[in-house]
Amino acid sequence: MPRGPMMQKGMQAMPKIRKGTVPRLIKYVFSGYKAYWIIVALCIVASSISGVIANTYLQELIDDCIVPGIQNGMDAVAKDLIKILVTMGSIYVVGVIASFLYTRLGAIITQGTLKRFRVDMFHKMESLPIKYFDTHAHGDIMSTYTNDTDALRQMIGQSLPQIFQSLISLVAIFVMMIYYSLWMTLLVIVIICVMFFIVKVVGGGSAKYMMSQQRSLAAAEGYIEEMVNGQKVVKVFNHEEEGKAKFVELNDKLYSDSSRANRYGNILMPILNNIGNIMYVLLAVFGGLLLLYKAMNVGLQGINVISIGVIVYFLSIARQMAMMIGQTSMQVNMVAMGLAGAGRIFELLDEEPEADNGYVMLVNVVKNPDGTLTESAERTGQWAWKHYHKATDTTTYVELKGNIEMFEVDFGYTSDKIVLHDVSINAKSGEKIAFVGATGAGKTTITNLINRFYDIQDGKIRYDGINVNKIKKADLRRSLGMVLQDINLFTGTVADNIRYGKLDATQEELEAAAKLAGAHDFITRLPKGYDTMLTNNGSELSQGQRQLISIARAALEDPPVMILDEATSSIDTRTEAIVQRGMDNLMKGRTVFVIAHRLSTVRNSDMILVLDHGRIIERGTHDELLALKGTYYKLYTGAFELE
Amino acid sequence: MVIKTIGKSVREYKLPSILTPAFIVVEVVMETVIPMIMAILIDNFDKGMEPILKYGLILVAMAVISLVCGILGGKYAAIASTGLAKNLRQDMYFALQEFSFREIDDFSASSLVTRMTTDVTNLQNAYQMIIRGAIRTPLMLVFAFAMSFSINWKIALIFLAAVPVLGGALAIIVLKVMPFFRKIFKRYDALNNSVQENVRGIRVVKAFVREDYEKEKFGEAVERVRSDFTYAEKILALNNPIMMFMIYTVIMIVAAYGSTLIIDTKESELTTGQLSALIGYATQIMASMMMLSMIMVMITMSIESAKRITEVLNRKPTLVSPENGVKEVPNGDISFRDVNFRYSEKAERNALEDINLEIKSGMTVGIIGGTGSSKSTLIQLIPRLYDVSEGELLVGDRNVKEYDLAALRDAVSVVLQKNVLFAGTIKENLRWGNKYATDEEIERVCKLAQAHEFIEEMPDKYDTFIEQGGTNVSGGQKQRLCIARALLKKPKILILDDSTSAVDTKTDALIRKAMREEIPDTTKIIIAQRVVSVEDADLILVMSGGKIVDRGTHEELMKTSEIYREVYETQSGGKEEEENA
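Chains as they are written, first to last, in the numbering used here: chain A, 161 to 803; chain B, 1155 to 1735.
In case anyone wonders, no lab produced these hints; they're calculated from the structure. Mixed in with the good hints, there may be bad ones.
Taking CB as the label site, the calculated pair distances span [said to hold, decoys possible]:
#1 B:Leu1329 x A:Lys368: 38 to 44 Å
#2 B:Arg1378 x A:Asn528: 48 to 54 Å
#3 B:Leu1311 x A:Leu346: 40 to 46 Å
#4 A:Ser702 x B:Lys1470: 28 to 34 Å
#5 A:Lys789 x B:Lys1601: 28 to 34 Å
EDC-like, lysine to aspartate or glutamate: derived pairs with alpha carbons at most 20 Å apart [as the list claims (entries may be wrong)]:
#6 B:Lys1420 x A:Asp235
#7 A:Lys406 x B:Glu1252
#8 A:Lys406 x B:Asp1245
#9 B:Lys1572 x A:Glu400
#10 B:Lys1470 x B:Asp1558
#11 A:Lys632 x B:Glu1365
#12 B:Lys1371 x A:Asp656
#13 B:Lys1470 x B:Asp1260
#14 A:Lys662 x B:Glu1370
#15 A:Lys588 x A:Glu559
#16 B:Lys1601 x B:Asp1675
#17 A:Lys406 x B:Glu1582
#18 B:Lys1369 x A:Asp656
#19 B:Lys1371 x A:Asp280
#20 A:Lys632 x A:Glu512
#21 A:Lys392 x B:Asp1245
#22 A:Lys284 x B:Glu1377
#23 A:Lys243 x B:Asp1418
#24 A:Lys275 x B:Glu1365
#25 B:Lys1644 x B:Glu1594
#26 B:Lys1369 x B:Asp1343
#27 A:Lys275 x B:Asp1382
#28 A:Lys454 x B:Asp1200
#29 A:Lys275 x B:Asp1343
#30 A:Lys789 x B:Asp1658
#31 B:Lys1701 x A:Asp732
#32 A:Lys392 x B:Asp1541
#33 B:Lys1572 x A:Asp732
#34 B:Lys1660 x B:Glu1689
#35 B:Lys1581 x A:Glu400
#36 A:Lys561 x A:Asp744
#37 B:Lys1481 x A:Glu400
#38 A:Lys392 x B:Asp1260
#39 B:Lys1371 x A:Glu286
C-beta atoms are modelled at their ideal positions from N, C-alpha and C, and glycine is treated no differently.
Can you make the complete structure from the sequences, with help from the hints?
Take a look at the structure:
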């Protein structure tokens, strides 16, 4: 029962529903808990029908016991009275038990189904390519888990059973009505048509204002968010009054729209209730007339003269029906929203997962004296690529070194717009390769290709001489350490976060990695040291501290190839120098790719590649590039802006 | 306390808030009298059409009254609740405008946004529920009882006996479930948080090949939500059957006892019509009990939101403008005298310690120091964004506390490190600095901040629309616009907190040159990561751990300050090489 978003739920207008959602949802929902579903359905039927039937016994009680009883005395009707009461009682007991069973089983089914949905969604999400996340707004993905799942819960757990129950009751009531009197039933039908018409009119007006309420709510909340986040700037510029004026305007608009929308929502029930009352009167008058003129009554029970009991029965169910229709009409909107949510959930479940046709695996090996490698089941600290050659049915082992070569690579995030042209790089184990260039020049893109977050359009990338396409993605990525531009820490302790690099790391290994990254010092000064809890992407820490933790995390993984994408951008230059010394030690004999804004970070690289609009325009060491007096020189002397 | 504070925001919606229950009272009266009339009608059924028409007409009249009151009640309830929501949002927004940095820090921006949106919506719904349901339901109970007693007190006693039983059962269920739901909310938040972290950090997850680990973690979180939720809902599932059971039991007893009574007394104590009316009242009473328990749950749940709102409304800003504050800052002199500063009284460590500093009008002061050395803290004291904890701070030879806040902040212009542009045109954004600035003035400061050139290259020049958060300009451009905006104030003191970090060194130098030449009398304080940005300052402060550890000019510091030299070397080693080459 989530809070905020749920409460606004009811205010949304009729949403669009994806094609084919209904049959698929039915299949998905009913594929689990089959036995439970059957019991639930039976119980709903039993409980609704018992409610309806029990009421008819009240009528029998009046007709068969009380009326004759008044004339003939208690003794004459005692037997019938007891019989009717016992029957009524038994029906009630059945109704209560059925209602208990279906609400309880319903809770189990709903929560179980939601769990299945969530797990399926999450598993699918984890399997999706990076492209999916780059092309979908994160808020939208989140909303599938929150709003859409909530709408689904509301629908499965509440609306559907209630609608089902109301439908069964209505059918049962109609059958009973027709059983007793066709004429009276016809009158009821006419009045119900009027009710539906009113529901439609009021509902339509409500939907219209819901939409404008939704819009002004979004506008007001957007403004609040912008201004509150910029509140410090507001203060610095004494801009409070101007901000208030715009706020008041948006807030008033929201008020007028939402009060109108709520008004429509509030008046539906009183209208239906009182139509119920008027229906009561009409039925009474009509019944009275039938009674007065002893009109011929037609019903499934036969043709006879209408009795007071029958009229009383019609009267008693008239109001009941009005209320039932009111409640059901409230649920229709919920169902529509649930279906729209289900549609979006299925859309996520239908996404194509990341393809992986790689078969070369990373395995532990022991190096034999003759230089050959033997696979080992234990952790040996030495790794090799296990390469099975189908043509010759042989398996070779290639030592993991970290040589990365790119040959004439072309790449575009979409096929019509190539962002990397003809990129060739040869990074040898132990080298430090740096990428320099403006935002959008393609630096990060290149690293996205090495770990196959994206696949190249043309050219080749080889890892230790093996085409990366042949390597299993998981193994490829395991051999690459990454410190990314956008730092992401997870809820958990500092230690948990560093351990992300190597789940079975000991405390010593952990601290060693933290020391190497220059993070140990500040971590020990945190209130609980390594056990300090981090939440909300580590908002407790400064940007620089978060960066140090993410470096420690990669250092713990200790991979042969490391990619540092603006890894030290938020650390002051003095601390950076310390981190760099540590990293240089760690990366001895390994390949490092560095992307940095600050040229002081890349200066000691073995090779600096200057990128411009997706092409490598200069390459060489720092001194070579300065001597060239080209773009790098201009950047270095400050004639260009790197943004 | 909470109710009192929230109540203050009702204001002009007091009338609708009173009218709503008033109409509802009439509606309830009608709703309870109607079954009574219906009973009379049934009893007179065998007496021909006349009584039917008579009572029918009465019923229709009552239904119309009930309808009108229902519609009006609904209308005023909508006005009152959405009106309260409007006022609460506005009161919070206005209260926020009075907050100083300290209060903003305490609440955090994201929490303030939640309070002004989700929490207000929760309260709006609860308020509507209260003014409609909290009157309606108890009233319904009372009336239904009154009617029942007036028909037959013995049978009414049966109802009365049933009420505590049902009430007790519902109360037990609610009490048992409520804490569980609070726990579920937390679990639910954790679950969503875990999804969010995965969506945002998917590159980390994939780069470390931790998909299976994350799936397992998520699976556990989902299972916790499922089992807790199922447990709570299972308890809640008792609600309906219990109520049905109570209603049915009461109906059975009434039917048995009532029919015996009718037959035995030959309708003298109870009529057939009254019997069905009593059964109707029984249903009404039990249903009201059920509603009451739901309202209780709603209110308890909204109390959390109400508390969070009142926290904002009742928070007194720690820093207020003095009455009759001095409106004019004479010059840009700054003087720190034995200043200590702590962010909160409970903080163990001073964020700033023992600061003594004299800055004369027109000086350029550079500040260098590592992350966490409290550079930003130091400069935020000058426009009184925070108050010093000990010691005193003078601007223009007067304690900052003596100035009218707006006047002080107009004279001291800060370009904050975390700076933002707002949705609107470039011009609109710049005019934050000075509402009445002419186009010429705007152009002049933009030239000063080296922003004019790129603005001219934009499609709509100064009327180019800036997206929320300034996402459609580069970091360097954004910084220059922020500097221009600050310059437009014509401040006596200009403070740049790491404001040129994304600007290239050449442009950075041009900005500094322009400031030196064009606004020589303005005191300039520059916090920077790059030594080149402060190299030519009249005074450079080296900060570490909240203290000024070294001070002097570039030349002096190169000789005396180890930290400064180190920073300089890490950054400019290349230049020396180049010079040597």
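Now for the hints, and whether the structure bears them out:
In this structure the hint that B:Leu1329 and A:Lys368 lie 38 to 44 Å apart at CB holds, the actual value being about 42 Å. Roughly 50 Å separates the CB atoms of B:Arg1378 and A:Asn528, a value that falls within the hinted 48 to 54 Å. At roughly 42 Å, the beta carbons of B:Leu1311 and A:Leu346 sit within the given window of 40 to 46 Å. The hinted range of 28 to 34 Å is satisfied by A:Ser702 and B:Lys1470, whose Cβ atoms lie roughly 29 Å apart.
In this structure, A:Lys789 and B:Lys1601 meet the distance hint of 28 to 34 Å, their C-beta atoms being roughly 30 Å apart. Straight-line distance between C-alpha atoms of B:Lys1420 and A:Asp235 comes to about 13 Å, which keeps the hinted pair within the 20 Å bound. Between A:Lys406 and B:Glu1252 the alpha-carbon distance is near 17 Å, which keeps this suggested pair within the 20 Å criterion. Only pairs whose Cα atoms come within 20 Å are accepted, and A:Lys406 paired with B:Asp1245 is accepted, the gap being roughly 14 Å.
The suggested pairing of B:Lys1572 with A:Glu400 holds, with an alpha-carbon distance near 19 Å, which does not exceed 20 Å. With a C-alpha separation of about 18 Å, the suggested pair B:Lys1470 and B:Asp1558 falls inside the 20 Å cut-off, and the hint holds. With a C-alpha separation of about 14 Å, the suggested pairing of A:Lys632 with B:Glu1365 holds against the 20 Å cut-off. For the suggested pair B:Lys1371 and A:Asp656, the alpha carbons sit about 13 Å apart, so the restraint of at most 20 Å is met.
Between B:Lys1470 and B:Asp1260 the alpha-carbon distance is near 12 Å, which keeps this suggested pair within the 20 Å criterion. Taking the CA atoms of A:Lys662 and B:Glu1370, the gap is about 16 Å. The hint holds against a cut of 20 Å. With a CA separation close to 14 Å, the supplied pair A:Lys588 and A:Glu559 stays within the 20 Å bound. For the hint linking B:Lys1601 to B:Asp1675, the alpha-carbon distance of about 18 Å falls within 20 Å, and the restraint holds.
Proposed proximity of A:Lys406 and B:Glu1582 is supported: the alpha carbons are some 14 Å apart, at most 20 Å. Restraint check: the Cα-Cα separation between B:Lys1369 and A:Asp656 comes to about 16 Å, which is no more than 20 Å; the hinted pair holds. Between B:Lys1371 and A:Asp280, the direct Cα distance comes to roughly 14 Å. Compliance with the 20 Å bound is thereby established for this hinted pair. Distance hint between A:Lys632 and A:Glu512 is fulfilled; the C-alpha atoms sit about 18 Å from each other, no more than 20 Å.
Taken as a hint, the A:Lys392 and B:Asp1245 pair is honoured in the structure, with Cα atoms around 19 Å apart against an allowance of 20 Å. With a C-alpha separation of about 18 Å, the suggested pair A:Lys284 and B:Glu1377 falls inside the 20 Å cut-off, and the hint holds. At roughly 18 Å between alpha-carbon atoms, A:Lys243 and B:Asp1418 fall within 20 Å of each other, so this suggested pair holds. About 18 Å separates the Cα atoms of A:Lys275 and B:Glu1365, which keeps this hinted pair within 20 Å; it holds.
Pair hint B:Lys1644 plus B:Glu1594 holds up; C-alpha atoms about 14 Å apart against a cutoff of 20 Å. For the proposed pair B:Lys1369 and B:Asp1343, the alpha carbon gap of about 17 Å is at most 20 Å, so the pair holds. Restraint check for A:Lys275 and B:Asp1382: satisfied, since their Cα atoms lie roughly 12 Å apart, inside the 20 Å limit. Proximity of A:Lys454 to B:Asp1200 is assessed by CA-CA distance (about 11 Å); at most 20 Å being required, the pair is judged to hold.
At most 20 Å may separate the alpha-carbon atoms for a hinted pair to count; A:Lys275 and B:Asp1343 meet this at roughly 15 Å. A distance of roughly 18 Å separates the Cα atoms of A:Lys789 and B:Asp1658; the hinted pair therefore holds under the 20 Å criterion. A distance of roughly 17 Å separates the Cα atoms of B:Lys1701 and A:Asp732; the hinted pair therefore holds under the 20 Å criterion. Annotation: proposed proximity of A:Lys392 to B:Asp1541 holds, straight-line Cα distance about 15 Å (limit 20 Å).
A C-alpha spacing of about 17 Å is found between B:Lys1572 and A:Asp732, which places the hinted pair at or below 20 Å, so the restraint holds. Between B:Lys1660 and B:Glu1689 the alpha-carbon distance is near 14 Å, which keeps this suggested pair within the 20 Å criterion. A threshold of 20 Å between alpha carbons decides the hint, and for B:Lys1581 with A:Glu400 the separation of about 18 Å falls inside it, so the pair holds. A hinted pair counts as satisfied when its Cα atoms are at most 20 Å apart, and A:Lys561 with A:Asp744 qualifies at roughly 17 Å.
Among the hinted pairs, B:Lys1481 with A:Glu400 is consistent with the structure: their alpha-carbon atoms are about 18 Å apart, no more than 20 Å. Of the pairs offered as hints, the one joining A:Lys392 and B:Asp1260 holds, with about 13 Å between alpha carbons and a cut-off of 20 Å not exceeded. For the proposed pair B:Lys1371 and A:Glu286, the alpha carbon gap of about 12 Å is at most 20 Å, so the pair holds.
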